[in-house]
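Q: Listed below, chain by chain, are the residues.
There are 4 protein chains.
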Amino acid sequence: MTTSRLEAFSDGVLAIIITIMVLGMPLPKGVEWASLKPILPNFIGYLLSFVYVGIYWNNHHHMMNLAEKVNGKTLWYNLHLLFWLSLLPFATGWMGENNFDGITVIFYGIILLMSAVAWLILARGLGKVQENEKIRQAYGKDGKTKLSILVYLVGIVVSFFNARIGLAFFYLVAFLWIIPDLRVEKIAK
Amino acid sequence: MTTSRLEAFSDGVLAIIITIMVLGMPLPKGVEWASLKPILPNFIGYLLSFVYVGIYWNNHHHMMNLAEKVNGKTLWYNLHLLFWLSLLPFATGWMGENNFDGITVIFYGIILLMSAVAWLILARGLGKVQENEKIRQAYGKDGKTKLSILVYLVGIVVSFFNARIGLAFFYLVAFLWIIPDLRVEKIAK
Amino acid sequence: MTTSRLEAFSDGVLAIIITIMVLGMPLPKGVEWASLKPILPNFIGYLLSFVYVGIYWNNHHHMMNLAEKVNGKTLWYNLHLLFWLSLLPFATGWMGENNFDGITVIFYGIILLMSAVAWLILARGLGKVQENEKIRQAYGKDGKTKLSILVYLVGIVVSFFNARIGLAFFYLVAFLWIIPDLRVEKIAK
Amino acid sequence: MTTSRLEAFSDGVLAIIITIMVLGMPLPKGVEWASLKPILPNFIGYLLSFVYVGIYWNNHHHMMNLAEKVNGKTLWYNLHLLFWLSLLPFATGWMGENNFDGITVIFYGIILLMSAVAWLILARGLGKVQENEKIRQAYGKDGKTKLSILVYLVGIVVSFFNARIGLAFFYLVAFLWIIPDLRVEKIAK
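Respectively, the protein sequence lines represent chains A, B, C and D. Just so you know, the first sequence maps onto residues 1 to 189 in my numbering. Just so you know, the second sequence maps onto residues 1 to 189 in my numbering. Just so you know, the third sequence maps onto residues 1 to 189 in my numbering. Just so you know, the fourth sequence maps onto residues 1 to 189 in my numbering.
Chain A with its partners taken away, still in its complex shape (with noise of 0.2 Å):
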């Protein structure tokens, strides 16, 4: 089986996990300026979101285009990938609607700690199958995943005391995948 119908799927599912995300900020109750402040917190967790589907995608991207081929398993891990990112909606809804309180964002904390030990078996379970080792090789030890779980969890903790902070902790996640995709530096790598 080639990964080729595995890829669509999966670019499908990320593509509309990144858009209907939208359909839950709330509009806002008025037409001045200040209206929009209310919704201020489900815009930065929106964004927040929408960086976090786009680094996955990106991510699947590479890693599928040194996959040859997958099996039964490697589509169902691929299947538990994704079911914690469509949670990344519902995540992102409570803890926008309300205001980072200390909770929600502990809760989509921990969506993204799933997604990432998720990303984790996919990986393993993805370079077993292949017969060639460009996989193993980058993705074998996988330190950057590791060190986001390390980060998501420190933020959890974190979130029990100042959930402002412990949000920070995953914008910081998001910072240490996109900046070297922008090439300006290659920071654990």
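Among the clues, some could well be false.
As the list makes no split between identical chains, a pair holds if one copy fits it or if it spans any two.
As the list claims (entries may be wrong) - Computed list of lysine-lysine pairs in DSS-like fashion (alpha-carbon distance at most 27 Å, straight line):
#1 K69 with K146
#2 K144 with K73
#3 K128 with K141
#4 K128 with K37
#5 K128 with K73
#6 K146 with K29
#7 K141 with K73
#8 K144 with K29
#9 K141 with K29
#10 K144 with K134
#11 K128 with K69
Rather than coming from a laboratory, the hints here were simulated on the basis of the structure.
Position chains B, C and D against the provided structure of chain A, taking the given hints into account.
A: Just chains B, C and D now, kept in the frame of chain A:
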């Protein structure tokens, strides 16, 4: 006519069904962990439906790989399958909003049942069109789908008395389909 | 410019239209079978619109197979068709929410009518661009689309007096398109 | 890395944006023709946004045809463009719900403006990556996009005084892009 655009369209519809179901999960009314509890039924239903769409996508993928051509009839058999699956978000929402009340679980089971019947019709129709024997051999008896239909029927009947146990039957069918994919074992194939 | 990306984009839009319509079906307000009754009109409308989008996808598929190239004009003719079809969920929702009240059925018929007109414009425009005669031969007269437009007009006029009978005309057109695909017989082609 | 998966993902996102906007059109509160009147602003906004997404899809299609490769930076420039376009349903909804009240039209104009800026950044970034001169030649000056940005700015300023006239400027830009496609004439290219 080749199968490629049929696959692309089906992938699109299935990707959208699997993703918009999350829109049916209401945001918690509060910011405590306890506020997640009332939407636990929605989540359990979402998980089951996500898995079912995944199973159908997976099997659709396999069957279409064996098909070499489609005709007008096949396109409609395929749309007929997508129609029943497109009602899953609706059935999932009704069931989740009403905490697995008997009739909502029965309704959910009927949608699963009709999807399986539509699958049989599609498999039979596709088999007739092909010049080679592959689909007829692979899906001629299709004992597993017929077994699933039987379990759906049992689950529906049981739900008249106890909806939670009825629901367990629908989970059971899902496991019957995932487990062989995970190569843990091959049952009833 | 080739037709492939035009097809991919149209497939995407049609897949989304056909799927998000189900979001317009309100959840039953209750857990008895009787609570499904008030949403029966929504369901009947959903079924009809699902079938129409299926018909357009099917025919779009066929016509694009005959096309070898598209130009800027054609892209806009195609978007024009998608625009009218994108209003189907809206028209379906209005009709379903108001139990097929006269004006809502008329409005629904107008959307079907405009879609058929947009189809004629697209077929004509595509035909002009091609170097071979295939599309001009297959869609030059396009008697079936013109007959459909006539029946839509009759249905719209009838709906001023009796919306249910008017709606029956719209179902009639759908059957005229599905039946030949099912090869039961070929009418008015 | 080739452009094909970038195109597929962008097509998906644009197809979803163009389609979910219709979910933002509220159903009429009544069954008279007059009940359509209050949602006329929603419809006018929907039409404009539909056309804009169509224009971007069309131009994206053309530009990607000239591109031979993309890099990590380009992927993010593309996501940056999709981000602003993904806010169109939100801006359209706010504007439509408030009958083109000044600030909502200004906000809508800002989204259009930022999308055009994101387009310029993408075009420049893509040009730098290519080995051949095609994109740099076709989009090096890109006078038409710059003219559009100017007209957006004028429209935004005018909207502080009269939002309807401001909106007319945004319609004007749309016509500037559609008309050449329709080969009626070529302006400012």
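Q: How would you label the pair K141, K73 (within, between, both, or neither) given a Cα cut-off of 27 Å?
A: both (21 Å within a copy, 25 Å between copies)
Q: Between the shortest in-copy and the shortest cross-copy C-alpha distance, which are at most 27 Å for K141 and K29: within, between, both, or neither?
A: For K141 and K29, the Cα distance exceeds 27 Å both inside one copy (49 Å) and across copies (41 Å).
Q: Evaluate K128 and K141 at a C-alpha cut-off of 27 Å and name the case that applies: within, between, both or neither.
A: within (14 Å within a copy, 33 Å between copies)
Q: Checking K69 and K146: alpha-carbon separation at most 27 Å within a copy, between copies, both or neither?
A: within (25 Å within a copy, 30 Å between copies)
Q: Within, between, both or neither: how does the pair K128, K37 come out at a Cα-Cα threshold of 27 Å?
A: Cα proximity of K128 and K37: none, with 49 Å in one copy and 39 Å across.
Q: How would you label the pair K128, K69 (within, between, both, or neither) given a Cα cut-off of 27 Å?
A: within (10 Å within a copy, 30 Å between copies)
Q: If the cutoff is 27 Å on CA atoms, where do K146 and K29 land: within, between, both or neither? Let me know, please.
A: The answer is neither: 42 Å in one copy and 34 Å across copies each exceed 27 Å.
Q: For the identical chains here, do K144 and K73 meet the 27 Å Cα criterion within one copy, between copies, both, or neither?
A: Cα proximity of K144 and K73: in one copy and across copies (24 Å, 19 Å).
Q: Pop the pair K128 and K73 into one bin, within, between, both or neither, using alpha-carbon distances up to 27 Å.
A: within (11 Å within a copy, 30 Å between copies)
Q: Which holds for K144 with K29 at a C-alpha limit of 27 Å: within a copy, between copies, both or neither?
A: neither (42 Å within a copy, 36 Å between copies)
Q: Classify it for me, K144 with K134: is the Cα-Cα distance of at most 27 Å met within a copy, between copies, both or neither?
A: within (17 Å within a copy, 37 Å between copies)
Against the hints set out earlier in the document, violations occur for numbers 4, 6, 8, 9.
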